[in-house]
Amino acid sequence: MNAQRLIAYLPPAAILALPFFLPNYYQHLAVQIVIWSLVYTSWSLMGRFRLTSLGHGAFLGVGAYVPTLLWNNWNVSPWLGIPAAMALAVTLAMVVGYPCFRLKVVGHYFALVTLALGQVVLLVIVAARDVTGGSLGMTPRIVGHSWYALQLPDKSEFYAVALAAWLIGIAIWFRVDRGMERAALEAIGEDEDAAAAIGIDVLREKLKITALSTALTALGGALYAQYLMYLNPDIMSGVGVSFQIVFASIAGGMYSTLGPTVGAVFTIGLNEGLRVLFGTHFIGAANTIYGALLVVFIIFMPRGIVGLFEKLRTRVQTPPPSGAPDTQPAE
Amino acid sequence: MSALLTLDGVSAGYGSFAALFEVSLKVEAGEAVGVVGPNGAGKTTLMRVISGLLRLSAGSFALEGRRLEQLPAYRIVEAGIAHVPENRRLFGRLTVEENLRMGAFLAAARRHFSERIQWVYELFPRLKERSGQLAGTLSGGEQQMCAIGRALMSEPKLLLMDEPSAGLAPLVVEQVFELVKRIRQEGFTVLIVEQNVGQVLEVVDRAYLLEAGRIKLAGPAAELKHNDFIRSSYLGL
Amino acid sequence: MDIYLLEAIINGLLLGGVLALLSLGLNLIFGVIDVVWIVYAEIVMSAMYAVYWLHNYYGWPLFLAFAAAIMIAALIGVLVHVLVIEPILGSAPINQLLATGGLLFFLQSLATLLFGTEFRNLGVRLPVLELAGLYISFSRLIAFVVALIGAVILYLFLARTYLGTAIRAISQDREIMGLMGVNERRVYVITSAIGGGLAGLAACLLVLQYDVHPFIGLTFGPITFMICVLGGLGNMIGGFIAAFIMSQIIAIGGFFFSAEIAEVLAFVFFIVMILIRPQGILGKK
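Chains as they are written, first to last, in our numbering: chain A, 1 to 331; chain B, 1 to 237; chain C, 1 to 285.
Extracted from the complex, chain A is given alone in its bound form (with noise of 0.2 Å):
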């Protein structure tokens, strides 16, 4: 790695590591936008290539109780609770999964059929109100500062576990992006019947992109309940949270590799300082402008905060092409 790299890497480096500095409500801000990026990005695995699922909270739900059931009542460490978790939400997501791609349930019903999953997730959550305290949630058992039960009250400390985890995410998006499974993928969501014409096995792109997917969010999730030190189904799981990650990544833009975290700066962010400027006065005033704006970003800036900025910096660089045909018409 020579000089010129290792300057280039400097400024992002000193942003990330700007929060070991700050005072505890911007650590607590950082944590959650680190988590929720890598929620997003994880997401945006599956959204890029039109998988779009509206039930990822599923996922996010599974990763928070099933490791927190674990340490409860088994003792079971975190560490090894959350890979467990982990695999049981890719579980999941073959067993619906699979039968969906080989019957190529695409497009909307794809998506309602994620909703559905969602939805059950959450309700057995709830229904299992003696094991998970349903509605009114759980905690972990909580012993104090332990990296055994990955128990960090000190937000440096749990900031670095996030953002180890974060890296890991971005590092799985690289992978996929410079890999030949980006191809595949795309060729799939272009037109799946024309992909698998040319050779592409369709289903295991699938089930492999979606496999990874589900198992980061997972991984979110089980951070974010670590973090919080409290679960709750609405929180963690079902409709709401399903469209919060939707809603954010598309903000972020999904197509690149930093959009989704972008989308966790802004949605956070807005919601913050929507927050103190509104205080308890007018509670959901804040949500309300938050929804206005996504729908202005789905109609103005579908490729998110990331698409526009690349839009605008190809425009300063290139002049508009003239004469050559963009699409040429059947006759």
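Among the hints, a few may not be true.
Restraint-style ranges between C-beta atoms, simulated for each label pair [what the hints assert, rightly or not]: (1) Glu129/B with Phe138/C: 46 to 54 Å; (2) Pro87/C with Met180/A: 33 to 41 Å; (3) Thr117/C with Arg75/B: 47 to 55 Å; (4) Arg75/B with Arg160/C: 22 to 30 Å.
If you want the ones that stay clear, here's a sample from chain C, every Cβ over 10 Å from chain A, calculated [to be verified]: (5) Ile10; (6) Leu134; (7) Ser137; (8) Leu154; (9) Asn183; (10) Ile190; (11) Ile241.
In short, the hints are calculated from the structure, not lab data.
For each residue, glycine too, the CB sits at the ideal point set by N, CA and C.
Assemble chains B and C onto chain A, guided by the hints.
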């Protein structure tokens, strides 16, 4: 005598791609006029401009002296132009009769729906047989008949036909051109766009040759049939 | 048979009526003109609030409040189309889903802002019918009847009228509608008004039975979509059948297990059905 349809210096395109360059032509009432040319010449673009599916970028056109280029498609239909689109474009999940009904959507056409549909069924007995069948399940030739019938339901002053022979078996193509003759006999004015130069010159009075968006030749069909350029480039003679 | 089970079945049938009524409007928008209104349930919620507010706060007679709510809902439908859907009509349908999703969030939050999160009850007590020892909810009975009439009227409208045929045609080939002399924008706007109005109609009957709160849309939103898809998109009769199947699962499941388990069963049933027969019960391939 002013013509039924006049195009004056019409230019049009798609985004940065220009397809038509200052095209002027006219169609007299009662005539059948053909526009022939190779693939990509701009024939379909021309149809779409006239029927209002595509906005022109320069020039104008008028029906019976009334300028139409600013109007949306549904108003142009009201004015009396019906377009049988390339590739038929039937409503596949509606029945034959429902497709014909859609052709008679205009208030004026609705009033005469029952007579109109009887007449169309007379013209196309096969459609009557299949009136309750979903249009998407018809054969290529039947679909073409349905598409033409649908356009005729509004009793248009001018019928535009975009490549009616496209994608059809030779025997069916013959039937289609027989139909065009029949429609002419009923008194309709037809502007027909075709790649199949030989066949179309048999059924029209006059024709224009469109190449790369410009009118290269024009004249009575009889003359064009004997034109050397046409004969060598398009009739393979 | 256990009398309570019978009662559950019958009330399930009537719940089916409510769900069928809910699905009419969505089936028209999602099923017929192929526009995705994820926000549909929130339009119902808004109309429920309208009835509540007009009747309980301004003292309007109930039927007047109903009429106003239906018109407000129809107006919302038109606004949703003109402001949100129209700009993105040409792009991928997923964009419609996401844009109306933003609207969902917007309406929920707006309701929270204006009305708070408390549950509001209309306070209108409708009689409970007693029939041979069974207790039957009168409001559900009305909903059933209205749903049936609504489905028939809608079916006839779509099948027998010019406008109805145009509405059915527009999702098949939007571009050439103009060639039929149809003002396609007007078709969408009218259909959106009807769809919104139907949502309002469902709201009127729902508000008689359920308390309204900003997030009530989340309870019946997903299931309404599922009913439309299950019955075959665009098929009103299919939607009816699907509504009854789902409601029976919920009613009987609720009787034997718990309310949540019953819903889980209904959703699992949906997932399985989509895999077996994606075009829905009465849908055509």
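*What are the numbers of the hints the structure violates, in ascending order?*
none
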